[in-house]
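> From the two separate chains plus the hints, produce the assembled complex.
One-letter residues, chain by chain:
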Amino acid sequence: MSEISLTVNGAKRTVKVDDDTPLVWVLRDTLALTGTKYGCGMGVCGSCTILENGKAVRSCQIAASAAKGRTFVTIEGLSKDASHPCQRAWLEEDVAQCGFCQPGMILTACGLLRDHPNPTDEEIDAAMSDSVCRCGTYPRMRKAIRRAAAAPRTQKKP
Amino acid sequence: MITSRRAFLKTAALGGASLVVAFNENRLFGAGKDAAKKEATGQFKPNGWIRVDADGTVTLTIGKSEMGQGVRTSLAMILADELEADWSRIKLVQALPGPDFKRLGTGGSFSLAGSWETLRQAAAAAREMLITAAAARWKVDRAACSAEKGEVLHAASKRRLKYAELVADAAKLPVPADPPLKKASDFRLIGKPTKRIDGRSIVTGAARYGIDTKVPGMLYASIERAPWTGAKPKSSQDAKALAIHGVRIVPCTSGIAAVGETTWAALKGRAALAVAWGDPPANAFDSEAHFKRLDEASEQKGFVTRKEEAPAGTRAVARTLYASYFYPFYAHAPVETMNCVADVRADRCVIWAPTQAPNSLQDEVAKFLGLAPEKVEVNVTLIGGGFGRRLAVDYALEAAEISRAVKAPVQVLWTRTDDTRQGHFQAASVHRLSAGLDSADALVAWRHTKAGSPHNLKLPDPAAVRDAGFYQDLSWGVYDVPYAIPSIETAYVTVDLAVRHGPWRSVFAPSSVFAREAFIDEVAHARGSDPLGFRLELLNGPDTVKAGSLTIDRRRLRRVLELAREKSGWGTAVAARHGRGVACNIYDGETHIAYVVDVVVDDAGKVRVERVVAVVDCGLVVNPTGVEQQIEGGILWGISSALLGEITFRGGTAQQANYADYGVARMRDTPAIEVHIVPSEATQPFGMGEPPVPPIAPAIVNAIFAATGKRIRRLPIRPGDLKAVGA
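Taken in order, these protein sequences are the chains called A and B.
Counting from 1, position 97 in the first sequence corresponds to residue 96 in numbering that gives the first Met the number 0; the numbering is continuous, with no gaps.
Counting from 1, position 712 in the second sequence corresponds to residue 711 in numbering that gives the first Met the number 0; the numbering is continuous, with no gaps.
Chain B extracted, bound-state conformation (with noise of 0.2 Å):
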């Protein structure tokens, strides 16, 4: 509970002729559980407000930015509910980051967590106050008047009052500082299956992404970026590009930029320009070269991060099974390619950015520029795909050092091939797994060793410290391993990685889910066990178990595998050349999920997922619409991983280019999905952009081992790995 006085204040300096509650919901990416302690106790700065206008509209201005997670819409779904507004009047605007509204942001699947008993609070502290002024009005005892749908009313003489009505008295009263909650049974939209708040925009064309800002007298850039570290341009035909009307040769940072009137001049100049880089040094980066560092890092002590010694009693390993799982680098390859807009003057700047971390672009923009950060504006706009790729502002920087160079507005437009080439990718790992068995086969050992890359992309929160937290992060699915076994040892290699890399939707599960699921899996076969039911085993014992700041709740867990073996026809026979595999997974401690998958594996070696059946437990379900589009696009996002596209490097550069070479997942790829949500005794709820995105992979190598005995484990599944045992 973060309930404190501090919560929330109304602020009359906004209020006026409306009703003005601001809050500081605590809990946020970057920001650890401790963050909110420790905030409370300093001086009370929200990030958050909810206005009631005289009009009736209800707004709500928040830094969540949509990426298609659908936040706006599920947090307006808890304002609405909590203040009995009328859902068609409630209003979302963008908050804009400032010295005094920090820690904006979105990402790690903390937005509804973080904002669900703070947002609940501030809306009905507004309730609270539009009934007190309701009961004045009648001079009625306030007990007696209630709240329902954007009005006040008064049961025993059936008088009603508006919101609308009330805002200027309501917004004279004192704020209360502990306003009830209403129950969850008396909850009206909250748990319901809600459409978006901005469909209708997005199906005429009237949604406006990053790329789509137009600001007057804006000139548009391409950027030819060095191809590899330390590139340095050798040569550029200057005159033909400069021969392109309107187009200006703007040498930054990242490269040498083309600035037109339009983005085809820009386009066309940056081609014209053709920039010959020589040749890469020898030592230059490659991602096969990589691998082997990884895979001999794997053999390392590391740092541990979880250690249990087996209890007295326990008896001997008798036999060892051991496994390395590859896992590549990926693109986050977002439909809207990375962009931005800025516009310098001498002591300002305006940004206009599809942006997960305006606090942190600002910041960087105003450093860079040699400015206060209250003077650069960031505007955030919606966002064509996140992914965390957002998380990081270096296009943002591009935009206002052209921006600055040629003294006018400049967007800046990454092209496919930069966005494929040049990102913040997915950084590749090697897990070293081994599992012991004693005399009757029973698993008495486990040891897990990640060998990968902390994030090199500079995050919100700066302090980076090298503790056991640092390395358990970076664990995530490794030392969480949820399964009771007498002993336990992970740990963490950390491998210098000299590509750009940062989060990934999920940021550090996907690697080490997709080993652990899997070689549970083997070590399941290699026992003569269902692979389902020999999870359910190793989930009894205590029913909760520590692993660092995490509570494992194995109960949870149990309970939605329970319910995959019985959606999915568990231990049913399925055709030949087909196989069902299981996978599951805690994400940070929070939302539980499993998957049953059915694939077929063609003549060719080709894979085909069929069917999902997806079990989730993720708390209180503010949305369930939301959960299952969650659902079904984590589905395909770990699709694309397992079956499709990877980044392999040469000569320090990047070798795919596009969506041709870098696959993702198309509407042919896409299997039947069943979602079953699991009715959860938790009383909020759980992040679901990221955790449907770690089980999947497994799920997956899982059933083509069912179907076929050939163990995957590297990703992605390439032409010919399975072409022997197809044929």
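For reference, chain A alone in the conformation it holds in the complex (with noise of 0.2 Å):
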């Protein structure tokens, strides 16, 4: 066990606990942000996908030693009134069915319009094809993705 400092959505956290616990299980168990999911635990599903300087990473490839002085944004961090425009964008195409898999959907979306922010289609199949939805959401989140694209500037924020 040992004591790590990181920064999750803004506010610096010190947790205690086992150097190679995945960072998933960190903000899940111990920091209570559940909104951050376990889908595989060995990256191929994108559900505990969170922002790191605006970079999608998964959660669950991040061992707490390592993530220490880091700093990530979580699905409960991207906005306190899901005003960003991913979140704007998801609630308008009506993306979700179960919605389980889409906070790492979300995210990861965010990261690619960081990158990219007028993603081709062939940029947004890339982007999001290491994600799992198996309702099938994936129609409308195409069109939320560009939706997202779409929107003024000004309001995008990580």
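The reader is advised that the hints may include incorrect statements.
Said to hold, decoys possible - Quick list of in silico lysine-lysine cross-link-like pairs, DSBU-like style, CA-CA up to 35 Å:
id, chain 1, residue 1, chain 2, residue 2
1, B, K171, A, K79
2, B, K171, B, K138
3, B, K213, A, K15
4, B, K213, B, K181
5, A, K15, B, K406
6, B, K239, B, K406
7, A, K142, B, K605
8, A, K79, B, K213
9, B, K545, B, K181
10, A, K142, B, K90
11, B, K194, A, K79
12, A, K79, B, K148
13, B, K374, B, K90
14, B, K566, B, K709
15, B, K194, A, K54
16, A, K54, B, K213
17, A, K142, B, K566
18, B, K374, A, K142
19, B, K231, B, K374
20, B, K213, A, K67
21, A, K54, B, K605
22, B, K605, B, K709
23, B, K157, B, K171
24, B, K231, A, K142
25, B, K191, A, K142
26, A, K67, B, K239
27, A, K15, B, K239
28, A, K54, A, K142
29, B, K233, B, K171
30, B, K182, B, K605
Hint data in this document are derived by calculation from the structure and do not stem from the laboratory.
Next up, the structure:
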């Protein structure tokens, strides 16, 4: 067990966990941020995706010891009121079915739009195809990402 | 119609300052269509409640699990519309099962059809009571008053009263026995595209699924389960597991559990155990061997599920076409793996579970713990994908067993590998079909035998009588072949299956519809017919036909096929290596769907579905957005089954472990999808969660045939199946 400090959603947090604890469990079990989902634990589904400096990363693939001193944003920290362009676009396109994978999908889309503010269909497919939605909400996700890309720039945050 | 004086009642005990109307929806998964009649003669037991509070909140308590099918939104729409309530004031509460609150549960795409009538009646009763209360207060003729958006108004005097101001008076009134229902032309919400009622909680991460349950003092458990039926642990490294901070080892029915203070401690403890199971017996389950058994069994006569002799004057069969179709094992693979929290005390137990079957969960856990069912409280959480897997309650029994052993609340969490390997799989089947053509190439005889396995999962309705109805249920898509063919004989052969299997999205239909709709395509091509035109020809003749307890409405199926032909540009030219295919189905006698699919097959034999034109007649549409979402999702589900993962078994164990080796559709596999909803004459909604699945796989293989001339008869399409033709 070690004391590890990291910044989550703008707040500095210090946790006492085993060094090898994947960040997904630190977030979920220790910090009670359950919006970040466990789906596979091996980086093949994308449910645990969070943001680091605007880049989408998989929290199941980051050990607590490696997360030391780093800064992350989870779905709970994307906005206080569902006002982020991606969240708004997701609601406007009514993307979710069961909704379980959607926090990870939204944050993956945020990462895509940071690197490609106006992504092509190919760029959307490439960025999103490492993630799994078993309900099959992909057609609406595509529309939501295009909609978010078209949203006024000034509103784009993390 | 299930109108009955007993269909709803006011419950004074719960009333107080609120208006409460209880109701009982009569049709539920596993209950059969006669259950409503039986229940109407017995004592009324509600399983749903509408409550209007003095602050204007309208609460619907109902035992339907939300797992992505949008049922909470659709039910809220029905309630708000009939009650004339303010949409923004509707709240949904999950019903808890109990001895007086039976037959909760979600499956078989029955939720809307089952709730439609009674929910509307109950809402209308509440509305009429509120109108009566207002008329009494104003001392005006009741008929001069009406309800609108959470208020009663008296048009002549332009007076209005909010429901909130009327509930106390309304609660004192008798419940009208037969309240008038709104005319369809007066619907404000029903039929209008409506966004999910809980969308905001999903995009903010606030939505709580089973896995998100946190209870004070809760421990976490991960179970190393027997890898094949009857496996016993040979050795385990207990000391290594116990060396991990706080970890305990708990042997349990399904294997050995590591219990820790965090999920990670439990997972590490389980890995440290390094349980050795020895070698599987020589006769351990093997899926290739099982396919051989199914194939042989499909030659047997079996139980005849439908038999129609050719009428006198039918010409003799001049040539016969034969084919066998193979449908594999699949896992459900919801993204939320199986999990459950149980808190077992000496005389009671509390469960938090993402379950489709709260009543059977309650009964099974109570039986296991030796408690009365009412001593087991079952809290149904949101579900991160159900698809039939969560009709089984195995994961709840595990949580109860381990909580009892460690005397603390415990969350059992399955890993992705557990979920992939230890599921209740969709069972493989083999379909043997033959078609007899007369000397003029008319289709005069149809034979379809399905060799498969009934569920070995215990369902809410245990009375599985092995009569014609039982075998017909196993043969959805086989015995209800909609086509007009003079001689039809369909049959089912039961083959025992040694691995756990149970309902999977669309239950028994996908394999059957795959075989039927691909083989009818073979027949069309064999006689040089256009596959879509041939289907339409076969749907001439009597507009309706009986098959078992179903009435097949060929007219409605013709209409969806005709619209699919028009919207898809059927018959227009396609590019090289492209092909267009069609398939259609009537799901459970109710939901009519036709798909036209465009595929492209590349040099390596890889198939890509480029476009799907979907046409559906699903009865009265409550939420068109919900219908579109279910079609989109069903198409992606079908693409997964046709082109991606299957489960295979060696030595009794599933060989796949996660999404890397059990493929499911991703964004890159997603075609352009057009959905066309046929305006229906039906006055009630039919299910949409499952019906979109069955016709997609056959439409894909039919399109592949059009593109390549190669007939696929086994799913999923494997690398190499099409390589020769693509090169």
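> Enumerate the violated hints, using their earlier numbering and listing them in ascending order.
Going through the list in order, the structure violates hints 1, 4, 18, 24, 29, 30 and respects the others.
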